[in-house]
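S.K.: Listed here are the chains, written in short residue letters.
Protein chains: 2
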Amino acid sequence: MRVIREKAWSLAGTTWSLYLRMVLPSSATWKKAGDMRPSKIFRNFVKLSYMTPYLHHSGGTVCEPVDVPVNKRHFDMVYSHMRYSDKPFMGSVTAPERAQDTVEMAKILFGEEFLERNTVITSLINANSPMVWDATMLGALKVYARSNQATVISPFCISGAMSPVTVAATAAQLYAEALSGMAFVQLVRPGAPVIFGTFSSSMSMQSGAPTFGTPEPQLVLYIVGALARRLGVPFRSGGGLCASKIPDAQAAYEAANTLQHAMLAGVNFMLHTAGWLEGGLSMGYEKFIMDLDQAGMICTFIKGVDLSENGQGLDAILEVGPGKHFLGCEHTQVNFEKAFFRSSIADNNSFEQWEAEGATDLAQRAQVIWKKMLLEYEAPPMDPAIDEGLLDYVKRRKESLSDSYV
Amino acid sequence: MRVIREKAWSLAGTTWSLYLRMVLPSSATWKKAGDMRPSKIFRNFVKLSYMTPYLHHSGGTVCEPVDVPVNKRHFDMVYSHMRYSDKPFMGSVTAPERAQDTVEMAKILFGEEFLERNTVITSLINANSPMVWDATMLGALKVYARSNQATVISPFCISGAMSPVTVAATAAQLYAEALSGMAFVQLVRPGAPVIFGTFSSSMSMQSGAPTFGTPEPQLVLYIVGALARRLGVPFRSGGGLCASKIPDAQAAYEAANTLQHAMLAGVNFMLHTAGWLEGGLSMGYEKFIMDLDQAGMICTFIKGVDLSENGQGLDAILEVGPGKHFLGCEHTQVNFEKAFFRSSIADNNSFEQWEAEGATDLAQRAQVIWKKMLLEYEAPPMDPAIDEGLLDYVKRRKESLSDSYV
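Chains A and B supply the protein sequences, listed in that same order.
For the first sequence, the numbering used here gives the first residue as 1, with consecutive numbering after it.
For the second sequence, the numbering used here gives the first residue as 407, with consecutive numbering after it.
No lab work stands behind these hints, which were simulated from the structure alone.
Accuracy of the hints is not assured; some may be wrong.
Dumping the calculated EDC-like pairs for lysine to aspartate or glutamate here, alpha-carbon to alpha-carbon at most 20 Å [said to hold, decoys possible]:
#, chain 1, residue 1, chain 2, residue 2
1, A, Lys324, B, Asp540
2, A, Lys40, A, Glu376
3, B, Lys730, A, Asp134
4, A, Lys338, A, Asp315
5, A, Lys142, A, Glu112
From just these sequences and the hints, can you work out the full model?
M.R.: Structural data, given as structure tokens:
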């Protein structure tokens with residue numbers, strides 16, 4: 001699986017370019033907003049994640065910067081997370097020494113002593129399902145665990161390929177894999193933080209392609225979420241998963257189906273929340289913005305029901321009475337600004353107004369948003385000495401390695 | 407509210423035409439498949455509902471046949487449900503005498519004696535929220551209750567307009583309205599069947615437009631579903647609700663968000679499952695097919711987890727072992743045909759294959775499906791004497807009324 005995934009990541013840059021060419025004709029705005037180098041696209045997604053209130057984490061390999069040598073990409077990725085955002089991030093896991101580079105850079109950013117006492121990096125350790133932890137992943141795991149940094153111990157199961165074709169069997173295998181990985185972390189450093197990770201999808205038995213947003217993986221989520229709570233460890237799953245190549249209705253149904261069920265299964269760490277297309281082989285700006293809207297709705301939903309006196313609103317019902325409307329009553333006036341989640345991209349207007357305003361679809365409206373966000377982006381403040389220290393570390397380490405593209 | 411809804415229905419024909427013009431250039435296939443008369447579109451949706459295994463009910467006013475006089479439409483609608491489908495259907499509620507016509511036609515179809523002992527019609531009685539049941543709706547309710555036919559007693563709340571802007575207050579009002587309506591049915595005929603109906607949406611506090619797929623109505627659903635179970639009555643809500651004018655990503659996110667939460671809230675009668683666009687002002691063929699796919703997934707999900715020995719799949723895990731794949735193992739071979747829900751319209755193929763096959767979006771693939779289905783439609787068998795009886799009743803009753811378009 002690691003081999004397949006590595007290959008997928010290598011293809012990703014090409015796929016984006018195709019996708020971006022298809023939906024984004026070059027324009028002055030686009031040129032100002034950025035270009036198509038994957039490492040620049042990576043930075044753009046870090047910037048967009050930093051700007052939204054609906055993501056609380058900068059992610060890890062948000063996309064693969066294939067324009068940079070394989071053995072040097074992690075420097076650019078980790079530096080981007082540190083420099084262009086102030087949200088937590090994931091470290092490199094593609095080789096133990098790259099994990100170590102992540103830890104060293106975190107020491108520069110946070111201070112060595114602070115790092116020893118605090119967990120500032122959460123990194124993704126995928127099982128080579130079925131039932132194998134490979135040396136690369138365990139090597140990275142050891143680096144992070146020894147440094148008291150968190151790992152997401154994630155079986156990666158596409159039912160039918162890496163696990164049996166039934167829900168119960170897949171859940172059992174996921175549990176066994178996650179348990180063994182989390183136990184290994186405790187052998188490396190007792191008490192080192194772990195998250196029970198789960199990536200679950202099915203496959204098309206006709207083509208072998210992974211499928212998303214379908215009912216069987218949803219059922220797996222509820223079982224595994226309950227098992228994680230039984231163990232008392234945080235649960236990772238997610239996110240806006242889909243197989244569609246474009247931000248169309250397929251992408252949206254599949255993403256919504258995964259996001260909503262992951263939320264209700266009790267996910268603590270929703271990975272891949274925004275931007276997924278083509279089974280993770282590409283990232284799309286419009287899909288990213290569309291999923292952010294969904295993430296905002298999830299933030300509202302999980303607050304639950306307000307049962308305060310204001311929430312019960314009895315005064316409003318008494319004031320308005322039968323056959324009237326609540327638009328102007330006092331309770332509405334007091335609460336209307338925060339009453340409902342407000343989408344930034346949904347069009348709820350009349351057909352006539354929507355038509356007069358250009359008859360746009362959701363993806364077109366999302367495109368306007370991300371371009372505007374990138375133009376308005378301002379980097380968070382950083383101590384120049386720390387920035388210099390990071391850049392110096394990256395420069396020295398890059399010079400010590402010859403370029404490798406495998 | 408009834409006035410607003412009636413107006414909305416009257417607009418519906420126009421809106422479809424616009425929508426259909428936009429996405430469906432005329433072609434030989436389209437001409438063969440049907441035309442744009444709303445009463446024909448109505449029949450088409452009845453036919454499509456009849457053909458899919460994922461809908462168990464033919465619906466009621468699946469769209470408004472605005473080409474037929476208002477006071478005669480119900481004859482065409484009820485006859486269409488009876489003649490072009492064999493699934494259960496909803497009766498007319500727009501006037502007590504139209505409800506009576508529905509009952510009379512059901513007597514012709516099923517026999518008077520059968521109807522007295524069996525419930526064959528389930529009709530939708532909407533509250534004029536807040537806290538009003540109007541004479542039209544109660545008139546229809548009385549006709550159905552007296553005939554021992556079922557009614558869905560449905561508060562129709564757009565929070566902020568017809569109920570307070572908070573979740574708890576909206577749920578409390580919904581409960582009070584539904585309880586009073588269901589109690590009224592029992593006064594008319596003790597034991598007459600009722601369903602606890604719920605239509606819940608929020609509104610944009612900026613424009614006053616109803617919004618769909620947002621978190622607050624989802625929370626309302628869980629409360630009201632629990633209250634229905636507490637009362638021991640079936641629960642209606644749903645469905646594929648959305649505000650989008652086209653079958654784009656907005657339509658899909660919103661529909662999925664409502665469908666999945668309605669399912670998990672324990673809906674027994676999922677109304678408006680397929681086809682909704684523009685807040686219910688229009689029906690779309692592509693959206694209908696897209697939502698059917700989701701309905702199929704819901705049918706799979708609610709079966710739950712197979713915990714039989716085959717479901718547990720231990721033999722498969724033992725046979726395959728670490729580091730191998732499950733594609734060819736015996737358990738997969740035995741189960742692969744029914745292992746996973748198979749979408750008829752999702753594209754899970756590689757980018758390259760998808761591009762070679764025309765780079766279609768979900769709506770384009772859905773269009774192929776509904777046209778094919780209409781061409782392949784065959785009416786269910788019906789005793790010619792019964793059909794003649796129905797047509798004769800409709801002819802006599804239509805002749806007794808002068809056309810009215812208000």
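S.K.: Indicate, hint by hint, whether the structure satisfies it.
M.R.: Hints, one by one, checked against the model:
no., hint, verdict
1, A/Lys324 x B/Asp540, "holds, 13 Å"
2, A/Lys40 x A/Glu376, "holds, 16 Å"
3, B/Lys730 x A/Asp134, "holds, 13 Å"
4, A/Lys338 x A/Asp315, "holds, 18 Å"
5, A/Lys142 x A/Glu112, "holds, 18 Å"
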